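Novice: Below are the chains, spelled out letter by letter.
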Amino acid sequence: MMPDSQLKRAAEPVAQTPFSPGIVSGRRTPDAYVEDFTDLSPPLDLHAVQVAADRCYFCHDAPCVTACPTGIDIPLFIREIATGMPEAAARTIFDSNILGGACARVCPTETLCEGACVREAAEGQPVQIGLLQRHATDTMMARQSHPYTRAADTGKSVAVVGAGPAGLACAHRLAMKGHKVTIYDARPKPGGLNEYGIAAYKMPDGFAQKEVDWLLQIGGITLVENWSLGRVGDGDLDGLRADHDAVFLAIGLSGVRALGAQGEDLEGVVSATDFIAQLRQTRDLSQLPIGRDVVVIGGGMTAIDAAVQAKLLGALNVTILYRRTRAEMPASGYEQELALSKGVRIIENAVPVALVGEGKLSAVECAYTRSGPEGLTITQDTFTVPAEQCFKAIGQVLGTLPEGPAVRGGKIVTDGAGRTDATRVWAGGDCTHAGDDLTVTAVAQGRDAAENIHTFLMEG
Amino acid sequence: MADLSCSFLGIKSPNPFWLASAPPTDKEYNVRRAFEAGWGGVVWKTLGSEGPPVVNVNGPRYGVIHGADRRVLGINNLELITDRSLEVNLREMAAVKRDYPDRALIASIMVPCEEEAWKAILPRVEETGADGIELNFGCPHGMAERGMGAAVGQVPEYIEMVTRWCKKYCSLPVIVKLTPNITDIRMPAEAAHRGGADAVSLINTINSITSVNLDLFSPEPVIDGKGSHGGYCGPAVKPIALNMVAEIARNPVTANLPISGIGGITSWRDAAEFIALGAGNVQVCTAAMTYGFKIVQEMIAGLSHYLDEKGLASVEDLVGRAVPNVTDWKYLNLNYVTKAEINQEDCINCGRCYAVCEDTSHQAIAVTSDRVYSVKEDECVACNLCVDVCPVDCISMRELAHGEVDLRTGKKVADYANWTTHPNNPGATAAE
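First to last, the protein sequences are chains S and Y. The numbering used here applies: residue 370 is where the first sequence begins, and numbers increase by one. The numbering used here applies: residue 22 is where the second sequence begins, and numbers increase by one.
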């Protein structure tokens with residue numbers, strides 16, 4: 370071993386490393402960013418597709434279909450793949466879920482279709498439904514052809530607010546039925562969370578935009594970007610109702626729940642969704658600064674996505690604080706394992722009690738929790754985790770509440786068909802009480818609301 | 022360890038696994054490798070008359086049927102008999118037999134249906150030291166167009182005639198290889214028997230078109246835009262072969278005629294089934310053509326293990342064990358009643374039993390809203406379809422005890438009774 374005296378100090382400043390203090394960029398080699406932010410689950414090659422498709426049992430009243438919020442006929446599409454017709458399979462998928470390409474990438478299949486697969490029960494190895502769906506949808510989308518055509522123009526017009534999964538699914542279904550649709554979106558680009566809110570490695574290569582472009586090929590849909598509901602100069606619900614025969618609100622949750630802990634305004638404390646949105650819009654990730662020590666607060670998918678990506682950006686220590694146990698985390702076991710495999714530490718049963726620092730965050734003071742008959746209580750048992758950045762991922766809330774529809778628990782109230790109590794206003798996706806914050810659920814709600822809007826419009 | 026050595030028609034081989042006359046046995050190189058791998062015997066690729074050999078197509082000669090994961094279920098071929106000269110084949114056979122005296126070496130022969138042709142070739146084959154001859158009356162493609170192969174095998178009179186010639190001009194045991202492309206396999210077998218055959222071997226390949234190329238609109242394999250029917254073999258044909266073997270084994274006329282079983286044998290288990298149905302040994306082709314010669318090691322180990330488990334000392338003890346239990350439908354016990362039973366612990370709730378029973382059978386499976394499947398005994402006719410389609414083998418057939426009430430018919434399970442005495446049978450004989 371080399372004596373200490375011979376250890377050389379770096380004579381000149383070198384590139385940043387994971388050990389560099391502060392919030393800095395370029396902690397890793399340029400190649401590392403490219404490599405780690407590509408596809409988390411690369412597509413199956415043709416042979417693997419055949420093997421995977423052959424494993425499907427073509428179950429009766431298949432549990433995978435029941436488990437899919439959009440009810441895709443999974444055994445049928447897999448059989449279509451197995452018999453050499455991936456494009457017929459894609460059609461089967463898109464009939465139920467026009468964002469089947471995105472869902473193939475981001476769905477927590479381990480808790481939905483694949484979790485329900487009988488081969489999961491039989492062998493602990495479900496049919497790879499997500500990857501098969503991706504194969505089918507990719508095959509069709511690669512041709513850049515769109516399988517649907519618009520019905521004859523009905524002369525009706527619908528405003529869709531929000532170009533995320535719910536809005537896009539609704540707009541597409543309405544356009545298919547011959548209605549004119551205008552999608553208004555507050556961001557510079559459409560796609561919603563697919564573009565701004567999902568971990569980059571789940572949707573690389575600009576897939577979100579490609580999918581929107583493909584979807585819009587149906588025609589009859591006008592996209593208005595940088596338009597925010599209720600913002601002066603843009604418009605409000607009454608204005609939309611005046612200009613359109615119906616309105617579908619798919620505005621998502623743009624507000625972030627506050628921690629309610631001291632020091633929340635320190636530099637370095639940001640919402641996980643803002644961090645992810647910034648990351649997603651950064652072309653060269655080696656330019657995106659990240660702290661050496663990062664704490665993520667929360668236990669959902671957003672927390673996992675933020676933590677894993679912080680780690681991949683080169684943070685040395687990334688810690689997830691979750692107030693309950695891992696078993697109670699909204700993020701699936703698969704997602705938790707992913708985080709752990711990337712070196713993220715998960716501290717269970719802990720909450721932040723104070724964010725510490727002088728202007729800038731330097732540490733998070735935490736306390737353990739205890740769950741009992743009286744609910745979750747915070748104990749006096751505390752500890753401190755160094756942190757230059759803290760990403761809050763304890764849930765999102767509606768941003769500016771739209772005037773009109775009833776809101777309960779911070780979300781818009783709808784009936785089963787997506788209808789609100791406001792005249793000619795429907796809603797779907799994360800902004801409604803019915804959602805479970807999954808892309809696939811948002812798609813189902815958008816699609817179903819479109820069917821209901823169509824019925825309403827045609828009945829007059 | 023059970024002794025696998027066999028003496029089939031007095032021809033000794035260390036095990037009952039022979040390679041059938043086919044592409045794998047076309048030349049010395051292959052046969053030596055086969056013997057090194059452990060095969061007990063080889064039926065050399067069919068020899069033709071002296072003179073210019075036949076030619077094969079130069080496009081693809083095999084078509085295929087795949088199961089899941091591209092598992093080969095069946096292959097068809099339109100390869101003809103050996104396309105190498107008779108002299109070369111005979112020389113190689115002699116060399117191989119000299120070096121592997123403990124293995125069986127059989128010459129397969131196909132020459133025109135003329136006495137002179139057979140008379141000419143037989144002594145030359147005998148000179149090689151071969152242990153026996155097999156008459157190829159089976160190939161259904163190509164050669165049959167020229168009046169040979171299946172064209173002979175489909176006419177019992179020809180079979181008898183040629184077999185007689187062979188017995189006349191050759192001292193070696195004569196095995197007649199039968200074509201399955203015929204309505205009643207007993208007829209050609211009886212003809213071979215009449216002609217003095219020492220044994221029959223079956224089945225040869227089945228006339229087939231494996232698939233149609235939907236771009237070129239031609240049968241596969243496509244040869245310059247056209248295809249021809251070929252001989253089908255492999256696991257897919259095994260059930261047909263088993264039945265034909267059994268029909269010959271239980272036919273009083275041919276009951277004592279030794280059989281070399283052929284047709285889709287892929288594992289020791291398949292081989293054991295043929296042997297139990299009366300085959301004295303087996304011949305394998307497609308399995309080797311799918312996996313290579315090494316599979317014989319599994320066959321040897323498996324059969325040996327099975328014989329030990331059953332307390333059988335030799336292959337011979339297994340021969341024909343199942344033949345007495347092959348019977349006519351009319352003798353099946355109509356008072357044998359079973360009901361499907363689903364093992365809920367092993368059930369994975371795929372619902373395939375329900376789908377097939379509800380759609381295509383007797384609506385005898387019930388399902389609850391939480392996907393628990395159970396058998397409605399009052400509807401179940403015991404057809405076995407649910408057992409067949411269950412992917413995890415969790416359904417079994419429970420035999421109702423004597424005296425137990427069959428909920429479907431309301432009748433108690435009675436003593437053995439079959440169709441011959443059934444009241445619905447107009448030709449029934451009175452039951453005692």
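Just to be clear, a hint being listed does not mean it is correct.
Restraint-style ranges between C-beta atoms, simulated for each label pair [to be verified]:
#1 381(Y) x 516(S): 27 to 37 Å
#2 697(S) x 92(Y): 54 to 64 Å
#3 511(S) x 234(Y): 20 to 30 Å
Hints were generated in silico from the structure; no laboratory data involved. Everything numeric in this text was worked out from a predicted model, so none of it was measured. Every residue gets a Cβ at the ideal spot worked out from N, C-alpha and C, and that includes glycine.
Novice: Taking the hints in turn, state whether each one holds.
Specialist: Cross-check of the supplied hints:
Take residue 381(Y) and residue 516(S): their Cβ atoms lie about 33 Å apart, and the range 27 to 37 Å holds. For residue 697(S) and residue 92(Y), the hinted distance range of 54 to 64 Å is not satisfied, since their beta carbons lie about 44 Å from each other. Taken as a hint, the range 20 to 30 Å holds for the pair residue 511(S) and residue 234(Y), whose Cβ atoms sit roughly 25 Å apart.
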